Amino acid sequence: MSLALHLPALQVVVPLMAAPLAVLVRRAGAAFLVVTGASWVAFATAIALWSATSEGAAVSYAIGSWPPPWGIEYRVDRLSSFILLLVSGMAAITLPYSRASIEREIAPEQHYLYYAMLALCLTGLLGITMTGDAFNIFVFLEISSLSTYVLIALGRDRRALVAAYHYLVMGTIGATFIVIGIGLLYLTTGTLNLADMAARLRDVRETRPVLAALAFLTVGLSLKLALFPLHQWLPNAYTYAPSAVSAFLAATATKVSIYVLIRFYYSVFGESLIFDALPLPQVMLILSLAAMFGASAVAIVQHDLKRLFAYSSLAQIGYITLGLSFGSVTGLTASIVHIFNHAVTKGGLFLLVGGAMAVMGGTNLGRLSGMGRVMPLTSFGIVLGGLSLIGVPGTAGFVSKWYLILAALEKGQWWLAMAIVASSLLAVAYVWRFVEVAYFRPPQGDAVDLREARPGLLIPAWLLVAATLYFGLETSFSVRSAAAAAGMLIGAGR
Amino acid sequence: MIAGSHLSYAVTIFLMVAGLFIVIARGNLIKKLVGLGIFQTSVYLLYIAPGKLIGGTAPIIDAQFRIYSNPLPHVLILTAIVVGVATLALGLALVVRIREAYGSIEEDDILGSDAAGPTDAGPAR
Chain A
1 MSLALHLPAL QVVVPLMAAP LAVLVRRAGA AFLVVTGASW VAFATAIALW
51 SATSEGAAVS YAIGSWPPPW GIEYRVDRLS SFILLLVSGM AAITLPYSRA
101 SIEREIAPEQ HYLYYAMLAL CLTGLLGITM TGDAFNIFVF LEISSLSTYV
151 LIALGRDRRA LVAAYHYLVM GTIGATFIVI GIGLLYLTTG TLNLADMAAR
201 LRDVRETRPV LAALAFLTVG LSLKLALFPL HQWLPNAYTY APSAVSAFLA
251 ATATKVSIYV LIRFYYSVFG ESLIFDALPL PQVMLILSLA AMFGASAVAI
301 VQHDLKRLFA YSSLAQIGYI TLGLSFGSVT GLTASIVHIF NHAVTKGGLF
351 LLVGGAMAVM GGTNLGRLSG MGRVMPLTSF GIVLGGLSLI GVPGTAGFVS
401 KWYLILAALE KGQWWLAMAI VASSLLAVAY VWRFVEVAYF RPPQGDAVDL
451 REARPGLLIP AWLLVAATLY FGLETSFSVR SAAAAAGMLI GAGR
Chain B
1 MIAGSHLSYA VTIFLMVAGL FIVIARGNLI KKLVGLGIFQ TSVYLLYIAP
51 GKLIGGTAPI IDAQFRIYSN PLPHVLILTA IVVGVATLAL GLALVVRIRE
101 AYGSIEEDDI LGSDAAGPTD AGPAR
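Respectively, the protein sequence lines represent chains A and B. Counting in the working numbering, the first sequence runs from 1 upward without gaps. Counting in the working numbering, the second sequence runs from 1 upward without gaps.
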């Protein structure tokens, strides 16, 4: 069927067309239907693409029928299809949730704009994952980033505006560094197609322009994925954004930047440069450890639950880059599987916190005291999500930590395995802060209309919590996809 | 090797560093955006200057024109300019809203009034 031939293009075009349609229909209900429908179509397309690539074949699509490397190529392989499933799945779950949650968090006349921006953000993220052209990555990265700045600024606290502004400045510096790196690569190789670039770079890998390009790309992408010490924008952005936006961003934005990093390191520059010739693994190891311990420690002393989970996200991103720094198949598998597991966990947690904010009026830990009695399902969901952040067996977080420790032991680095366990103990401390406030304190005095969150808020959140438990027990999908992707990347082009 | 042949790269580096310095060193939100614009302009020069070949013409297919300058960087930079314009517009819109909410566009005043303010997500604006 001819529709199947155009699936790669439809994956990006359907959400892209939904955005101006949402602006044209103006009414919030109609805009919601348009964008949610588009996100579900995108999810179905991602499932179709995943099954097309599950045997190892890559799907290549020439935009405008211009053959690569002269034209822009959309290329879906095992790694991209996994990330596509994650991003479109998160959008498909967050959008029905938004309908109920933005009623209180965003002014009614701005609802249709919220849906349009979310559609654009989804387009950008899907486009980054799909494309096999370096400059196209930058264009889609900026599409997703600009819509993210607007989404964050829609938060009801005035500090959301400042958070969005700071994210704009830092994010633009990061994106400009990325475009400098791409420019140096283009000047060296004469091509923008990633596969063609990899072939042409093979002879000139250790020349200064290529090393400078690698440096610019690493710093730019580290800014986008909030690797310590380029993480300053994240806590404020996640805290003051609307709940649905925090959940969607925590699950997708930084993960897609990590995907781009993995793509450039393995498919363009090649492992022999990154892992053998340069001290990059050591630097990434140090920064990951700093993120894991530093961010977890800071999370323990936070007063606001969203900010606590934002710092926890920084620590979990440290785990992902730690797996990347090993350079082994197990390490890369751990990274990719944690991209998936953390997205599911953190998305569910932020959705639950949004439900708590809707009922309790705020996310300050003092305001949430006694939550366990008033909102039992929400509190229990947050506890389960917290167990996944710690890495308790039976949750998704345990699977990622298992593979990380396995990768560390493979290299004979026992101290690193101990460090991973030690940082998980820090996670126990900040999860306990919520448990203590929710279950061991009496509810606040002005409790008038306190009951469990509405089903519209509870069901999508609990879907993700259930997924956290499911993927912690039944790991065949996540681990097999990640291992297949890692196996394909390592050894493909040394 | 003439020093002049590296003039475009020298200007690129100067603009890049000047732009970044302005973003970091100036507290006024609009001045930061100006610095960001200067930083992005340096990248345009980085792409376009090497595209010009000595003795190269525009890519016109004719017997008398043998060497073509590369037209692709121009296309890429048109896209990058549009991205820069969109970013600037969005940044300025945010500055307008910040001015309405805080009464100031100096970063020190804004951080100061936030430090004194509430510690949780406050009431709707």
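Source of the hints: derived by calculation from the structure; they are not laboratory data. It cannot be assumed that every hint is accurate.
[As the list claims (entries may be wrong)] Label pairs and their calculated CB-CB ranges:
| # | chain 1 | residue 1 | chain 2 | residue 2 | range |
| --- | --- | --- | --- | --- | --- |
| 1 | A | V204 | B | L111 | 21 to 29 Å |
| 2 | B | Q64 | A | A199 | 31 to 39 Å |
| 3 | A | S51 | B | G27 | 51 to 59 Å |
| 4 | B | I24 | A | P108 | 37 to 45 Å |
| 5 | B | V34 | A | A212 | 22 to 30 Å |
| 6 | B | I67 | A | R200 | 16 to 24 Å |
Fair warning: this is a prediction, and the values are worked out from it, not measured in the lab. Glycine included, C-beta positions come from ideal geometry on N, C-alpha and C.
Would you pick out the hints that fail for this structure and give their numbers low to high?
1
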